[in-house]
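A.B. asks: Sequence:
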Amino acid sequence: MSTLHFQILHLWRHTPGLYILLVTVPFLLFFFVMLKNIKNTNNTVVNVLMACWFAVSAGEAYLLNTARAVPTKGRFWIYLVLILAVTGFCLSKMENFVSKVETGSRKRKLARALKHGNTEAVRRISSEDSEAAGALLEVNDPELIEKTFRSCYTSDNYPWGYWEKLAKVTSRQTAHELMNDRKCAMPFRLELYANYPEEADYSNVDWLIENATKASRETVRKFKDNLSRIGDSAMLERALTVTNAYTDANAINNLLPALTYPEYAETLRKIVTSVRTLDLETRKKAYKKIPSSDMAFKKEYCPYCGSSDIKSGYMGLSMDLYWYGYRCTGCGHESRAPEGMGEATPFAVKFSYFGHNNSPCG
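To convert, note that position 60 of the sequence shown is 60 in this note's numbering; the numbers rise steadily by one, no gaps.
It is possible that some hints are incorrect.
Claimed, not checked - Listed below are the simulated SDA-like cross-link pairs for lysine to any residue, each with C-alpha atoms no more than 25 Å apart in a straight line: (1) 168 / 221; (2) 311 / 345; (3) 350 / 315; (4) 289 / 235; (5) 222 / 281; (6) 299 / 262; (7) 165 / 184; (8) 299 / 256; (9) 284 / 244; (10) 284 / 359; (11) 270 / 310; (12) 298 / 333; (13) 183 / 164; (14) 284 / 214; (15) 270 / 228; (16) 224 / 181; (17) 270 / 298; (18) 288 / 234; (19) 270 / 184; (20) 222 / 242; (21) 224 / 253; (22) 350 / 314; (23) 285 / 356; (24) 350 / 320; (25) 285 / 263; (26) 299 / 318; (27) 284 / 309; (28) 284 / 168; (29) 289 / 299; (30) 222 / 211; (31) 350 / 309.
No lab work stands behind these hints, which were simulated from the structure alone.
All chains, full assembly: derive it from the sequences and hints.
C.D. replies: What follows is the structure in structure tokens.
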């Protein structure tokens, strides 16, 4: 062992560079093995190499300590703790480092594939690494964007900003075809709709409603602005409900000219009774389209919410008294009185009330 000590001391004094290289060999070996197995750290080979590396590192620290002319007691343990600390830090950063290296490599490959028009490679790389696909957002050349069009319009793996760029270079005719193509990726369909809402097939309301549930506010607004294109009354009612259009006076005012009676009678009635969400002027326009012979004039409604589902009769037992009165199942408003102590005041109103008054709630 003394000969080994002498050799180490000789290397340390005369060729420190060579000594440092020999000391770092286990580190380098461990690093490259981990690099290859970063996605499988439970690999048996990796675990064995880790154990061997710790043993070799500890041995080197010990030999370095004892090879000194005047060994210092305890230095071995200091070196070992430092080595373990550095190792733990490197391991904690290694996966992130490797991920960045791989992403950078894929970004470069993606750029080359775009440059040479290799759309299949663009699609493959983007599907493998969503972060690398972010490089597409840096592409501003319309020709390069258009080159990827045919290979990517069916994939959901591209970043949303890229769909926006792609939609801007898509012609109106192509947009009309793709917006109604189920194979077209949903994010791309939404961006196409945002650019060409008038090109959508409004007879395919199910598709439009599906998009409306996933779209941005701006796209939903454009959908509501074009609701008058929906010819089927039942489908229109579904679209109004999904987009929450009964709370949007602008959307309703845009739609009202296209609503005729009796084809859209139910929608007109609902607009008139939307006393909590629509202003009086908007409701008046709908009210004037409904003739007095309509069934709505034969019902009674809650003035607070417009519901026609008002229950009357026994209301329950409270404070040892039986209560009777009226309750709206829509908003919960009620009027009641204890048995034998007067009658509850009815609050239901006629349909005509909504064409001339606002909600009592304000």
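A.B. asks: Now tell me if each hint is right for this structure.
C.D. replies: Comparing the hints with the structure gives:
Proposed proximity of residue 168 and residue 221 is supported: the alpha carbons are some 19 Å apart, at most 25 Å. A C-alpha spacing of about 13 Å is found between residue 311 and residue 345, which places the hinted pair at or below 25 Å, so the restraint holds. A distance of roughly 23 Å separates the Cα atoms of residue 350 and residue 315; the hinted pair therefore holds under the 25 Å criterion. Proximity of residue 289 to residue 235 is assessed by CA-CA distance (about 20 Å); at most 25 Å being required, the pair is judged to hold.
Only pairs whose Cα atoms come within 25 Å are accepted, and residue 222 paired with residue 281 is accepted, the gap being roughly 23 Å. Taking the CA atoms of residue 299 and residue 262, the gap is about 18 Å. The hint holds against a cut of 25 Å. Proximity of residue 165 to residue 184 is assessed by CA-CA distance (about 16 Å); at most 25 Å being required, the pair is judged to hold. For the proposed pair residue 299 and residue 256, the alpha carbon gap of about 23 Å is at most 25 Å, so the pair holds.
Proposed proximity of residue 284 and residue 244 is supported: the alpha carbons are some 20 Å apart, at most 25 Å. For the proposed pair residue 284 and residue 359, the alpha carbon gap of about 14 Å is at most 25 Å, so the pair holds. Distance restraint check for residue 270 and residue 310: the Cα-Cα separation of roughly 17 Å lies within the 25 Å cut-off, and the hinted pair is therefore satisfied. In summary, the hint linking residue 298 to residue 333 is supported, as the alpha carbons are separated by about 21 Å, within the 25 Å threshold.
Annotation: proposed proximity of residue 183 to residue 164 holds, straight-line Cα distance about 18 Å (limit 25 Å). Restraint check: the Cα-Cα separation between residue 284 and residue 214 comes to about 33 Å, which exceeds 25 Å; the hinted pair is violated. About 16 Å separates the Cα atoms of residue 270 and residue 228, which keeps this hinted pair within 25 Å; it holds. Between residue 224 and residue 181, the direct Cα distance comes to roughly 21 Å. Compliance with the 25 Å bound is thereby established for this hinted pair.
Distance restraint check for residue 270 and residue 298: the Cα-Cα separation of roughly 15 Å lies within the 25 Å cut-off, and the hinted pair is therefore satisfied. Simply put, residue 288 and residue 234 have alpha-carbon atoms about 22 Å apart, close enough for the 25 Å limit, and the pair holds. With a C-alpha separation of about 36 Å, the suggested pairing of residue 270 with residue 184 is violated against the 25 Å cut-off. For the given pair, residue 222 sits about 14 Å from residue 242 by alpha-carbon distance, which is consistent with the 25 Å threshold.
Between residue 224 and residue 253 the CA atoms are separated by roughly 11 Å; this keeps the pair inside 25 Å, and the hint holds. Proximity of residue 350 to residue 314 is assessed by CA-CA distance (about 23 Å); at most 25 Å being required, the pair is judged to hold. About 11 Å separates the Cα atoms of residue 285 and residue 356, which keeps this hinted pair within 25 Å; it holds. Restraint check for residue 350 and residue 320: not satisfied, since their Cα atoms lie roughly 35 Å apart, outside the 25 Å limit.
With a C-alpha separation of about 16 Å, the suggested pairing of residue 285 with residue 263 holds against the 25 Å cut-off. A C-alpha spacing of about 31 Å is found between residue 299 and residue 318, which places the hinted pair above 25 Å, so the restraint is violated. For the suggested pair residue 284 and residue 309, the alpha carbons sit about 22 Å apart, so the restraint of at most 25 Å is met. Between residue 284 and residue 168, the direct Cα distance comes to roughly 41 Å. Violation of the 25 Å bound is thereby established for this hinted pair.
Using a Cα cut-off of 25 Å, the hinted pair residue 289 and residue 299 holds, with the two alpha carbons roughly 18 Å apart. Of the supplied pair hints, the one linking residue 222 and residue 211 holds, its CA atoms being roughly 12 Å apart against a limit of 25 Å. Of the pairs offered as hints, the one joining residue 350 and residue 309 holds, with about 13 Å between alpha carbons and a cut-off of 25 Å not exceeded.
In summary, the structure is inconsistent with hints 14, 19, 24, 26 and 28 from the numbered list given earlier, while agreeing with the others.
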